[in-house]
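Number of protein chains: 2
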Amino acid sequence: MDIFLFAIFLAACVGAGATGAVFPPGEWYKTLNKPSWTPPDWVFPVTWTTIYLLISFAGARVGGLEGSAYALAFWAMQGAFATLWSPVFFGLRRLKGALLIMVPLWISVFGATVCMFQLDFWAGLAFVPYLTWITVAAALNASVARLNPNVVPVDLSKV
Amino acid sequence: MDIFLFAIFLAACVGAGATGAVFPPGEWYKTLNKPSWTPPDWVFPVTWTTIYLLISFAGARVGGLEGSAYALAFWAMQGAFATLWSPVFFGLRRLKGALLIMVPLWISVFGATVCMFQLDFWAGLAFVPYLTWITVAAALNASVARLNPNVVPVDLSKV
Numbered sequence: 001m002d003i004f005l006f007a008i009f010l011a012a013c014v015g016a017g018a019t020g021a022v023f024p025p026g027e028w029y030k031t032l033n034k035p036s037w038t039p040p041d042w043v044f045p046v047t048w049t050t051i052y053l054l055i056s057f058a059g060a061r062v063g064g065l066e067g068s069a070y071a072l073a074f075w076a077m078q079g080a081f082a083t084l085w086s087p088v089f090f091g092l093r094r095l096k097g098a099l100l101i102m103v104p105l106w107i108s109v110f111g112a113t114v115c116m117f118q119l120d121f122w123a124g125l126a127f128v129p130y131l132t133w134i135t136v137a138a139a140l141n142a143s144v145a146r147l148n149p150n151v152v153p154v155d156l157s158k159v
Numbered sequence: 001m002d003i004f005l006f007a008i009f010l011a012a013c014v015g016a017g018a019t020g021a022v023f024p025p026g027e028w029y030k031t032l033n034k035p036s037w038t039p040p041d042w043v044f045p046v047t048w049t050t051i052y053l054l055i056s057f058a059g060a061r062v063g064g065l066e067g068s069a070y071a072l073a074f075w076a077m078q079g080a081f082a083t084l085w086s087p088v089f090f091g092l093r094r095l096k097g098a099l100l101i102m103v104p105l106w107i108s109v110f111g112a113t114v115c116m117f118q119l120d121f122w123a124g125l126a127f128v129p130y131l132t133w134i135t136v137a138a139a140l141n142a143s144v145a146r147l148n149p150n151v152v153p154v155d156l157s158k159v
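Residue numbers (this note's numbering), protein chains in the order written: chain A, 1 to 159; chain B, 1 to 159.
No lab work stands behind these hints, which were simulated from the structure alone.
No residue lacks a Cβ here, since even glycine has one placed at the ideal position from N, Cα and C.
One or more of the hints may lead you astray.
[As the list claims (entries may be wrong)] Lysine-lysine pairs mimicking DSS-like chemistry, simulated, CA-CA at most 27 Å apart:
(1) B:Lys-158 to B:Lys-96
(2) A:Lys-34 to A:Lys-96
(3) A:Lys-30 to A:Lys-158
(4) B:Lys-96 to A:Lys-96
(5) B:Lys-96 to B:Lys-30
(6) B:Lys-158 to A:Lys-158
(7) B:Lys-158 to A:Lys-96
(8) A:Lys-30 to B:Lys-30
(9) A:Lys-34 to B:Lys-158
(10) B:Lys-96 to B:Lys-34
(11) A:Lys-96 to A:Lys-158
(12) B:Lys-34 to A:Lys-158
(13) A:Lys-30 to A:Lys-96
(14) A:Lys-30 to B:Lys-158
[As the list claims (entries may be wrong)] Covered by chain A, according to a simulated footprint, are these stretches of chain B (three or more residues, beta-carbon under 8 Å):
(15) 5-18
(16) 23-36
(17) 68-77
(18) 90-103
(19) 126-134
[Claimed, not checked] Pairwise CB distance ranges, derived in the manner of DEER restraints:
(20) A:Pro-149 to B:Thr-135: 26 to 36 Å
(21) A:Trp-28 to B:Val-152: 13 to 23 Å
(22) A:Ser-143 to B:Ser-157: 35 to 45 Å
(23) B:Pro-40 to A:Pro-40: 48 to 58 Å
(24) B:Val-152 to A:Asn-150: 26 to 36 Å
(25) B:Leu-65 to A:Lys-158: 47 to 57 Å
(26) A:Leu-32 to B:Pro-45: 46 to 56 Å
(27) A:Met-1 to B:Asp-120: 18 to 28 Å
Construct the complete structure from the given sequences, taking the supplied hints into account.
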């Protein structure tokens, strides 16, 4: 595995993960109605850190292989939408808007997983936790949006 | 050029561009002190749309080439940090925080441009407007941060 390539993918993940840090759940999130199967708070950063290490490994592993373009394009796509999700959910408190972002995010992670498996078994396997997690996260987003129909989005023009 | 590959890269750009739409400049931005060379407002969406089309073309063009991994990894990295910038600047109003994001963003665009040129002249050329613009945008961010030292960041925990 090319360690410099791994470092560039990991840097991209740091960018995506930074939205979670600058738009943290905070007190507002605690007040929301959540389904009984909501994971405890500490699970989220641990899971994301693991996922980011695994998908950086996957990107670096297939990077040198012929025909990796689709896998890496889907990799890039998930990075943009993963970065977009936190500011919309935790920043603007737009629960349905965030759920809308889950659609291209899920598609990109699914696309990356399928393409990675066609190139390399271990790279594909490294994307499986991400695909599992983003499915759980989308279901959680949908439940939270349904259970909290009266959340008022943040209107930045009035701040 | 592979049109499906172009579409995936463009979808990633839609994700990145969406932050500009959900975190628009608004009235607050108008009140900021800006340097005399600040481009008029209409320039920003036009420039970004052009850049996103050009870099999607570049990604799709080099995707099939051997040794494109670094170019595509830098492509993914710019996508995450470009998405991160708007919510921090326009959402949280953290002018210095946004300037900090400009560092990895500029590095990733520079890295992508250099790597693209090594693979294909037209792909490299397609990244030049982005490198130029991100340099201007970083300088503008720095000037605005310097000219508006008393901007109060948005504290989401108090909204």
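Inset, instruction - May I ask which of the numbered hints given earlier this structure violates, with the numbers listed in increasing order? - result: Hints 4, 8, 19, 20, 22 and 26 contradicted; others consistent.
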